[in-house]
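Engineer: Listed in order, the protein sequences are those of chains E and D. The first sequence begins at 1 in my numbering and counts up by one. The second sequence begins at 1 in my numbering and counts up by one.
Any given hint could turn out to be false.
Under the rule of at most 25 Å between Cα atoms (straight-line distance), these lysine to aspartate or glutamate pairs were calculated in the DMTMM-like manner [unchecked claim]:
1. D:K131 x E:E126
2. E:K231 x E:E299
3. E:K60 x E:E126
4. E:K218 x E:D201
5. D:K131 x E:D346
6. D:K131 x E:D201
7. E:K231 x E:E267
8. E:K109 x D:E129
9. E:K309 x E:E297
10. E:K244 x E:D346
11. D:K131 x E:E228
12. E:K112 x D:E129
13. E:K217 x E:E228
14. E:K259 x E:E228
15. E:K279 x E:E219
16. E:K10 x E:E158
17. E:K127 x D:D115
18. E:K8 x E:D64
19. E:K106 x D:D115
20. E:K60 x D:E129
21. D:K131 x E:E95
22. E:K68 x D:E129
23. D:K131 x E:D75
24. D:K131 x E:D108
With beta-carbon atoms standing in for the labels, derived distance ranges [claimed, not checked]:
25. E:P354 x D:P143: 26 to 34 Å
26. D:W130 x E:Q266: 52 to 60 Å
27. D:L54 x E:K19: 53 to 61 Å
28. D:W32 x E:K111: 34 to 42 Å
29. D:L52 x E:K111: 23 to 31 Å
30. D:N35 x E:S107: 34 to 42 Å
31. D:P143 x E:N355: 54 to 62 Å
32. D:W130 x E:E219: 46 to 54 Å
33. D:Q173 x E:D102: 42 to 50 Å
34. E:E95 x D:Q41: 46 to 54 Å
No lab work stands behind these hints: they were computed from the structure. A quick note: this is a predicted structure, and the numbers were derived from the prediction, not measured. Cβ atoms here follow ideal geometry from the backbone N, Cα and C, with glycine treated the same way.
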Amino acid sequence: MGLYIDIKKKLPGFSLQAKLACEQGIIGILGASGSGKSMLLNCIAGLINPDEGKIILNEKTFYDSTQKINLAPRDRKAGFLFQNYALFPHLTIAENIAFGLDALSKSDKNKKVVELMERFHMAGMEKRYPAQISGGQQQRVALARALAVEPELLLLDEPFSALDNHLKVHMMKEMLVSLHEFQGNTLFVTHNIEEAYRLCDRIAVLNAGRVETLGLKKEIFQSPASLETAKITGCKNIAPAVRKSEHMVEVPDWGIQVKTNMKIEQEQGFTGIRANHIKLADDISRENCFPVWITEESEAPFRTTLYLKIGSQPGKLGDFHIQWEVSKDQRDIIKNLPPPVNIYIDPGDVFFVPN
Amino acid sequence: MNFDLSPAWISIKVTFIATIIVFFLGLSIAWWMTNYRGRWQGLLDGIFTLPLVLPPTVAGFGILLLIGKHGPVGKFLNLFGVNIIFSWYAAVIASVVVAFPLMYKTSRGAFEQIDANILNAARTLGVSEWKVFWRVSVPLAWPGIAAATALSFARSMGEFGATLMVAGSIPGQTQTIPIAIYFATLGGDMRVALIWVLIILAISLTVIVLMNYWNSAQSKLKLGAGRK
Chain E
1 MGLYIDIKKK
11 LPGFSLQAKL
21 ACEQGIIGIL
31 GASGSGKSML
41 LNCIAGLINP
51 DEGKIILNEK
61 TFYDSTQKIN
71 LAPRDRKAGF
81 LFQNYALFPH
91 LTIAENIAFG
101 LDALSKSDKN
111 KKVVELMERF
121 HMAGMEKRYP
131 AQISGGQQQR
141 VALARALAVE
151 PELLLLDEPF
161 SALDNHLKVH
171 MMKEMLVSLH
181 EFQGNTLFVT
191 HNIEEAYRLC
201 DRIAVLNAGR
211 VETLGLKKEI
221 FQSPASLETA
231 KITGCKNIAP
241 AVRKSEHMVE
251 VPDWGIQVKT
261 NMKIEQEQGF
271 TGIRANHIKL
281 ADDISRENCF
291 PVWITEESEA
301 PFRTTLYLKI
311 GSQPGKLGDF
321 HIQWEVSKDQ
331 RDIIKNLPPP
341 VNIYIDPGDV
351 FFVPN
Chain D
1 MNFDLSPAWI
11 SIKVTFIATI
21 IVFFLGLSIA
31 WWMTNYRGRW
41 QGLLDGIFTL
51 PLVLPPTVAG
61 FGILLLIGKH
71 GPVGKFLNLF
81 GVNIIFSWYA
91 AVIASVVVAF
101 PLMYKTSRGA
111 FEQIDANILN
121 AARTLGVSEW
131 KVFWRVSVPL
141 AWPGIAAATA
151 LSFARSMGEF
161 GATLMVAGSI
171 PGQTQTIPIA
181 IYFATLGGDM
191 RVALIWVLII
201 LAISLTVIVL
211 MNYWNSAQSK
221 LKLGAGRK
């Protein structure tokens, strides 16, 4: 049971070679733009034909190049939520939701539409057209329309990118409820780390058309398996590193040696520390404590990023080693300290990825 | 006054039937070509557009070759004792051939403007291609399709060259208004020619204005139709 994908698709300048096996639940597919995320979803839904491979959902073969099986999109019935929702602009909300329900009798159809309209807090808007409702409501209608045909698979293609921040958080909470009610596989494609983390149990990282990692979200964030995974999951501080001992690496670019809880086997690789994991220290007598100078700072509404140079005073602007993300309060405390500031990096937060 | 009104009835009959045929034929081929991604795309599009760029006499000549007494279609029909050359059916065929490219090109352009995601959304909902076409593609491309139909109608109504070649000018049988105007003028009967000019002007204008009103009423009904 579950979803099994192993497909190849070659395009000029890009090739998708995705292999993925997942059980029921919500899988996040995290990738930068151009990594082939949407292409993967389109191949699964049957909107684009892969060159070769297999796609199987719950023992039902969608596509198999060796057996020459290629189901049409209408026979796959994968619920697809498009980035722009793709509602039918010429049909009312109720007609949009009922669009795929031709197999039902008229009364069953009406019953189902009423039920979905209520479940998605859209009651009373049956007669409106998509252009007459808000972006958040459009998303609800799109999800209701996809779920109306009772798919076993739900494909979400960056569904939050068209919403403003305030609405986004609200809609994510709503979506999470709907997704937990949904008994099937969900693939949620996004380039936004926060969205993936909030919505998914497990995350697959897609890079240049290949699935780099698939694992529990906590593990992927704590100890990414590859450099690309570390970058895509938003790690700001990554530098080449050399193994010193089982739990010690040297980072020549930063001029320091750091201890990590990970067991290091390879000689060469990269070390990473997430910008929000760095802590303020009283002194540098302990392990993994370093004196730093603040080169620049960049202010976001709730957080501030400090650019740090380790071990010596920065020369010019842009001369920094690592980024440190702190809250506004912390920033005020740090700014009041005489330079250099002492920082501590927990060995549990330091990861190493082999070359 | 002894004024023969038959060209009006023949014109209206031929034009309406030709427009209906062109509507369905042009629409289905336009939709098929919109989704066709094969290597013959360019050639096929060229063939479908050809009657638009060629003189109508060339189209007429081509039709004659096909349905004339010695043409393959003509010979075949002759087996059943049917002869369509120099009948009003031939006038319909001529109108269809010359009006087809307008219907095809204009509605294909309208189909290509539709957001592909909307069509894909319909397909993933498990409905047939037939329903995708009639319930999504056609309504979303409607303004373009209506314009295409109006153009095809006008082109059929004004068809002269090809019609004259394949249907001739038999009064009461194949003589349409444009042909009546030509022969009236040729014969120096300017008064009759002018009456026909005014009549064809009235018919064409009425139909196009009616279509415009109907079309904008439809658009108002379907708020936001055709938008992404």
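Engineer: If a hint holds in the structure, say so; if it doesn't, say that too.
Structural biologist: Hint check:
no.: 1; hint: D:K131 x E:E126; result: 22 Å, holds
no.: 2; hint: E:K231 x E:E299; result: 21 Å, holds
no.: 3; hint: E:K60 x E:E126; result: 35 Å, violated
no.: 4; hint: E:K218 x E:D201; result: 9 Å, holds
no.: 5; hint: D:K131 x E:D346; result: 61 Å, violated
no.: 6; hint: D:K131 x E:D201; result: 37 Å, violated
no.: 7; hint: E:K231 x E:E267; result: 21 Å, holds
no.: 8; hint: E:K109 x D:E129; result: 21 Å, holds
no.: 9; hint: E:K309 x E:E297; result: 12 Å, holds
no.: 10; hint: E:K244 x E:D346; result: 18 Å, holds
no.: 11; hint: D:K131 x E:E228; result: 44 Å, violated
no.: 12; hint: E:K112 x D:E129; result: 24 Å, holds
no.: 13; hint: E:K217 x E:E228; result: 15 Å, holds
no.: 14; hint: E:K259 x E:E228; result: 22 Å, holds
no.: 15; hint: E:K279 x E:E219; result: 21 Å, holds
no.: 16; hint: E:K10 x E:E158; result: 23 Å, holds
no.: 17; hint: E:K127 x D:D115; result: 23 Å, holds
no.: 18; hint: E:K8 x E:D64; result: 11 Å, holds
no.: 19; hint: E:K106 x D:D115; result: 29 Å, violated
no.: 20; hint: E:K60 x D:E129; result: 22 Å, holds
no.: 21; hint: D:K131 x E:E95; result: 14 Å, holds
no.: 22; hint: E:K68 x D:E129; result: 22 Å, holds
no.: 23; hint: D:K131 x E:D75; result: 14 Å, holds
no.: 24; hint: D:K131 x E:D108; result: 20 Å, holds
no.: 25; hint: E:P354 x D:P143: 26 to 34 Å; result: 59 Å, violated
no.: 26; hint: D:W130 x E:Q266: 52 to 60 Å; result: 59 Å, holds
no.: 27; hint: D:L54 x E:K19: 53 to 61 Å; result: 55 Å, holds
no.: 28; hint: D:W32 x E:K111: 34 to 42 Å; result: 38 Å, holds
no.: 29; hint: D:L52 x E:K111: 23 to 31 Å; result: 52 Å, violated
no.: 30; hint: D:N35 x E:S107: 34 to 42 Å; result: 35 Å, holds
no.: 31; hint: D:P143 x E:N355: 54 to 62 Å; result: 58 Å, holds
no.: 32; hint: D:W130 x E:E219: 46 to 54 Å; result: 48 Å, holds
no.: 33; hint: D:Q173 x E:D102: 42 to 50 Å; result: 48 Å, holds
no.: 34; hint: E:E95 x D:Q41: 46 to 54 Å; result: 34 Å, violated
Violated hints for the displayed structure, listed by number in ascending order: 3, 5, 6, 11, 19, 25, 29 and 34.
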